[in-house]
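Chemist: First to last, the protein sequences are chains A and B.
Those letters in the first sequence? Residues 1 to 176, per the working numbering, in order.
Those letters in the second sequence? Residues 1 to 551, per the working numbering, in order.
Please keep in mind that the hints were generated in silico from the structure rather than gathered at the bench.
In this text, all values refer to a predicted model and were calculated from it rather than measured experimentally.
Some hints could be false.
Computed list of lysine-lysine pairs in DSBU-like fashion (alpha-carbon distance at most 30 Å, straight line) [to be verified]: (1) B:111 to A:142; (2) B:407 to B:344; (3) B:344 to B:402; (4) A:165 to A:88; (5) A:37 to B:407; (6) B:33 to A:37; (7) B:109 to A:142; (8) B:164 to B:237; (9) A:88 to A:142; (10) B:402 to A:110; (11) A:88 to B:524; (12) B:111 to B:59; (13) B:164 to B:274; (14) A:110 to B:164; (15) A:110 to B:341; (16) B:109 to A:88; (17) B:432 to B:524; (18) B:197 to B:341; (19) A:68 to B:96.
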Amino acid sequence: MTLLKHLTIALFSIFFSLSTYAQTDGLPGIPSVEIQKLDGTSFNTSEISNDGAPIIINFWATWCSPCKRELNNIAEMYEMWQEETNVKLIALSIDDSRNMAKVAPYVNGKGWEYEVYLDPNGDFKRAMGVNNVPHTFLLNGKGEVVYQHNSYSEGDEYSLYELVKKLSNGESIDGK
Amino acid sequence: MKYHYQLAIFGLLCIFSFSLKAQSFQDVMERGKIRGNFQFESQYYQKDTDIGAEDVAEKILSNGYLNLNYTNGSFSAGVRYESYLNALLGYPTGYKGNGIMYRYASYDKDKLSLTVGNFYEQFGSGLILRTYEERGLGYDNALDGVRLKYNIYDGVRLTALTGKQRLFFDYGEGIVRGFDAEIYLNETFSAALKDSKARIIIGGSAVSKYQADESSRFVLPENVASFSGRASVTYGKFNVNGEYAYKYNDPSADNNFIYKNGEALLLQTSYSQKGFGLLFSAKRVDNMSFRSDRGEGQQNLLINYVPALTKQHTYNLLATLYPYATQLNGEVAFQGDLIYKFDKGSFLGGERGMDIQINYSTANNIDTTMLNDDNTKRQGYKSDFFSIGEVYYKDFNVQLSKRFSSKAKGDFSYANLVYNQDIIEGKPGNPKVYADVFIADVTYNLSMRNSLRGEAQVLLTEQDKGNWGTVLLEYTYAPHWFIAIQDQYNYGNEDKDKRTHYYNASVGYNNQGNRITLSYGRQKAGIFCVGGVCRVVPASSGLYLSVTSSF
Numbered sequence: 001m002t003l004l005k006h007l008t009i010a011l012f013s014i015f016f017s018l019s020t021y022a023q024t025d026g027l028p029g030i031p032s033v034e035i036q037k038l039d040g041t042s043f044n045t046s047e048i049s050n051d052g053a054p055i056i057i058n059f060w061a062t063w064c065s066p067c068k069r070e071l072n073n074i075a076e077m078y079e080m081w082q083e084e085t086n087v088k089l090i091a092l093s094i095d096d097s098r099n100m101a102k103v104a105p106y107v108n109g110k111g112w113e114y115e116v117y118l119d120p121n122g123d124f125k126r127a128m129g130v131n132n133v134p135h136t137f138l139l140n141g142k143g144e145v146v147y148q149h150n151s152y153s154e155g156d157e158y159s160l161y162e163l164v165k166k167l168s169n170g171e172s173i174d175g176k
Numbered sequence: 001m002k003y004h005y006q007l008a009i010f011g012l013l014c015i016f017s018f019s020l021k022a023q024s025f026q027d028v029m030e031r032g033k034i035r036g037n038f039q040f041e042s043q044y045y046q047k048d049t050d051i052g053a054e055d056v057a058e059k060i061l062s063n064g065y066l067n068l069n070y071t072n073g074s075f076s077a078g079v080r081y082e083s084y085l086n087a088l089l090g091y092p093t094g095y096k097g098n099g100i101m102y103r104y105a106s107y108d109k110d111k112l113s114l115t116v117g118n119f120y121e122q123f124g125s126g127l128i129l130r131t132y133e134e135r136g137l138g139y140d141n142a143l144d145g146v147r148l149k150y151n152i153y154d155g156v157r158l159t160a161l162t163g164k165q166r167l168f169f170d171y172g173e174g175i176v177r178g179f180d181a182e183i184y185l186n187e188t189f190s191a192a193l194k195d196s197k198a199r200i201i202i203g204g205s206a207v208s209k210y211q212a213d214e215s216s217r218f219v220l221p222e223n224v225a226s227f228s229g230r231a232s233v234t235y236g237k238f239n240v241n242g243e244y245a246y247k248y249n250d251p252s253a254d255n256n257f258i259y260k261n262g263e264a265l266l267l268q269t270s271y272s273q274k275g276f277g278l279l280f281s282a283k284r285v286d287n288m289s290f291r292s293d294r295g296e297g298q299q300n301l302l303i304n305y306v307p308a309l310t311k312q313h314t315y316n317l318l319a320t321l322y323p324y325a326t327q328l329n330g331e332v333a334f335q336g337d338l339i340y341k342f343d344k345g346s347f348l349g350g351e352r353g354m355d356i357q358i359n360y361s362t363a364n365n366i367d368t369t370m371l372n373d374d375n376t377k378r379q380g381y382k383s384d385f386f387s388i389g390e391v392y393y394k395d396f397n398v399q400l401s402k403r404f405s406s407k408a409k410g411d412f413s414y415a416n417l418v419y420n421q422d423i424i425e426g427k428p429g430n431p432k433v434y435a436d437v438f439i440a441d442v443t444y445n446l447s448m449r450n451s452l453r454g455e456a457q458v459l460l461t462e463q464d465k466g467n468w469g470t471v472l473l474e475y476t477y478a479p480h481w482f483i484a485i486q487d488q489y490n491y492g493n494e495d496k497d498k499r500t501h502y503y504n505a506s507v508g509y510n511n512q513g514n515r516i517t518l519s520y521g522r523q524k525a526g527i528f529c530v531g532g533v534c535r536v537v538p539a540s541s542g543l544y545l546s547v548t549s550s551f
């Protein structure tokens, strides 16, 4: 075996041994990645939680019209959704430095009540395996991804909410 | 020698097995997670002389990639396999063949994060360093090397990196090394600032590149350094932030090998509260092309990213006909953005309220006075910081969003633009294009699952190719299906033979994280939003298939 292969095995072993001591912080469905809050401060995705209630993570951008349509449509019902199921929607903007400054004025201008974060270099988008926006993930009470959806058509929010209600009633989706 | 290695492996495996005393191997492996995404695009090309589409020798071109990421506790590793057999038209032609040009291993624990292999990173706004990917365009300037991030103290984050940049299936010649420090003052000085309404972040970075000087004509600097400083203050509903970057002499193909230093300044201020948002931005760029190979051009081996300050358009006529791209050699730009929600019941708001968005942006050249010192100091030109040069681009936009009933809503936009074709497209002598654009985008929900969306756009201009009109009709059956047809028609072209139709029909199905789209027709380059998804697309013609999946 070449030196490179030996070193690779050695490195992997070290990493594995070290990781057995590691606490798996955060929810199992979300990799631990540094993103930003709207004021530019750092935020780690492992801190995302909703006390056992369902979480929707939605990747969007200020230049993506279907994304804005989806989030504006849900905004009209969000208060009711939260009252009924305690669901939390996390709107993850993938706008880069060209449009990042527009996110806060847009979000506040539209009066959204979501938790909004910024992912300006696509680190979280990459880690979650997102190709295009909009992309929506639904996490159950245990923080596992039970559903995901790419694209938005009028009416998708109703299908999404059906699933959220199921989770909130303790039913399982996708066997989880 | 061989024995030493085997002994080392054995030793490490012993450590490994001892550390597993507490947990079984199965427990550890079960905590591991594989995530990934996949995209495959293929196009069957037809010769299309009307839009300048030549015959494609291979007939069928395809791009594909698969990203796999494995995470287990603090450890993660990943790989991306890419295939261009051959790359779709409109993609950078350097992409040929198959291979793995992205693989990494990283360790993240508490305050330390270590990555080896390929990584993407941005310092501040990216003015001196931004490596990123835009797969739709084939943009990928990832660094291959080592990156360390350390949260050395409360609110203080340090990043150090070194590597070579990707260039298709090879690497650029230059070595890039960088360092960044960012301090969130409220966290670092939490005792003093805990009651403060202000949140302050400051940061600074240094990036340098090394490339050997093989020029017989000039004495070129082998190490080129650039620095930047940034600050952001958020006070209640206000935010002010800025970044200044300075680059030492970097003669390159981009700036015609002058020894002038480069600088860039980006300033933004915004105010936002519920129902109202306001943003002002200003930018000045002077000689800021920064590549890890001074001889390269186009989108190759750029180390930094200087954003355009103009509105990013997604409507067909605005996104495909006269889109603006940052001029790295020199630009002064301003942008103002306002968004306001008229309340329900108010005069303009009506029964259901109305939203308005106004945007105005301008981009000009910097003021330049040529020095004619090509044979002496080669500084090229001097520029007065507070003066501006010729107009590159101006853009005024108004958009109204209104819901008419529980079933119908619409977005209505007007745009007025000035576009300097000479500079932006490199067509000397072409006149500036002055255009007015009107857009109506209406959605009607036939039922909870069925909806119909229609767009009508018109661009009026007396220059270039004359007037254009676009009509789009999209029918969706939530949550899985969509079908759309679009025609972009150059009806106003003076030359009747050149009144081209860019027609396009698409149909798609999506389920969970998977999506398949089939489309036929012609497409201009730009941002293409259809079927509920926005993608950045190059120009194309023919039968197009795309399959994407996230898992």
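Chemist: The structure should be examined with respect to each hint, and the outcome stated for every one.
Modeler: These are the hints, each one checked on the structure:
| no. | hint | verdict |
| --- | --- | --- |
| 1 | B:111 to A:142 | holds (26 Å) |
| 2 | B:407 to B:344 | holds (17 Å) |
| 3 | B:344 to B:402 | holds (11 Å) |
| 4 | A:165 to A:88 | holds (12 Å) |
| 5 | A:37 to B:407 | violated (35 Å) |
| 6 | B:33 to A:37 | holds (26 Å) |
| 7 | B:109 to A:142 | holds (22 Å) |
| 8 | B:164 to B:237 | violated (41 Å) |
| 9 | A:88 to A:142 | holds (14 Å) |
| 10 | B:402 to A:110 | holds (12 Å) |
| 11 | A:88 to B:524 | violated (39 Å) |
| 12 | B:111 to B:59 | violated (52 Å) |
| 13 | B:164 to B:274 | violated (45 Å) |
| 14 | A:110 to B:164 | violated (43 Å) |
| 15 | A:110 to B:341 | holds (7 Å) |
| 16 | B:109 to A:88 | holds (27 Å) |
| 17 | B:432 to B:524 | holds (21 Å) |
| 18 | B:197 to B:341 | holds (26 Å) |
| 19 | A:68 to B:96 | violated (36 Å) |
Violation of the numbered hints given earlier is confined to hints 5, 8, 11, 12, 13, 14 and 19; the remaining hints are satisfied by the structure.
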